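Turn these sequences into a full structure, and let the hints steer you where they fit.
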Amino acid sequence: MLDIALLPGEYAVWRLPAGAALPYALSSGLRGADVVTVSWTSDGISVICPADRAPVQAVAETAWRCLRVTASVELADTGSLAALVDPLAEARVSVVTFSTFDTDYLLVPTVRLTEGTAALQRAGHRVTG
Numbered sequence: 001m002l003d004i005a006l007l008p009g010e011y012a013v014w015r016l017p018a019g020a021a022l023p024y025a026l027s028s029g030l031r032g033a034d035v036v037t038v039s040w041t042s043d044g045i046s047v048i049c050p051a052d053r054a055p056v057q058a059v060a061e062t063a064w065r066c067l068r069v070t071a072s073v074e075l076a077d078t079g080s081l082a083a084l085v086d087p088l089a090e091a092r093v094s095v096v097t098f099s100t101f102d103t104d105y106l107l108v109p110t111v112r113l114t115e116g117t118a119a120l121q122r123a124g125h126r127v128t129g
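Numbered per UniProt numbering, the sequence shown spans residues 1 to 129.
By construction, these hints were calculated from the structure, which means they are not laboratory data. Just so we're clear, the structure is a prediction, and the values are computed from it rather than from any experiment. Be careful, since some hints might not be right.
[Said to hold, decoys possible] Label-pair ranges, simulated between beta-carbon atoms:
#1 Gly19 to Glu115: 35 to 41 Å
#2 Asp52 to Asp86: 29 to 35 Å
#3 Tyr24 to Thr128: 20 to 26 Å
#4 Gln57 to Gly9: 20 to 26 Å
#5 Arg122 to Asp43: 33 to 39 Å
C-beta atoms are modelled at their ideal positions from N, C-alpha and C, and glycine is treated no differently.
In structure tokens, the structure reads:
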């Protein structure tokens with residue numbers, strides 16, 4: 001069983017062309033629970049951030065809610081992400097995941113948040129927020 005916190009506000013998943021500069025507003029003035037993650041590949045730059053920080057010119061998918069595993073997850077642990085993704089897949093809820101050094105995050109579509117959190121709770125996880 002994992003404890004999961006629902007972060008406030010909606011999140012966006014967006015991209016910029018390879019080699020583009022990240023907007024300054026993305027890294028300035030982060031608020032308490034805000035999470036921003038950036039991935040660079042030869043195909044482009046992918047960013048997950050609060051929806052109100054996504055630049056107008058970016059190709060974006062918005063209206064996601066962000067869930068955070070509240071306990072630290074050891075990098076060597078196995079199965080913790082699967083324990084979260086599997087119940088969502090069974091409930092047919094789309095999910096985008098990312099991990100930091102300390103923990104795991106999940107994005108679920110805002111329109112499926114109720115179904116997603118219910119699926120996680122049925123699997124024995126505690127969802128707060």
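Verification of the hints:
no.	hint	verdict
1	Gly19 to Glu115: 35 to 41 Å	39 Å, holds
2	Asp52 to Asp86: 29 to 35 Å	32 Å, holds
3	Tyr24 to Thr128: 20 to 26 Å	33 Å, violated
4	Gln57 to Gly9: 20 to 26 Å	21 Å, holds
5	Arg122 to Asp43: 33 to 39 Å	37 Å, holds
In the structure shown, a violation is registered for the earlier hint numbered 3 alone.
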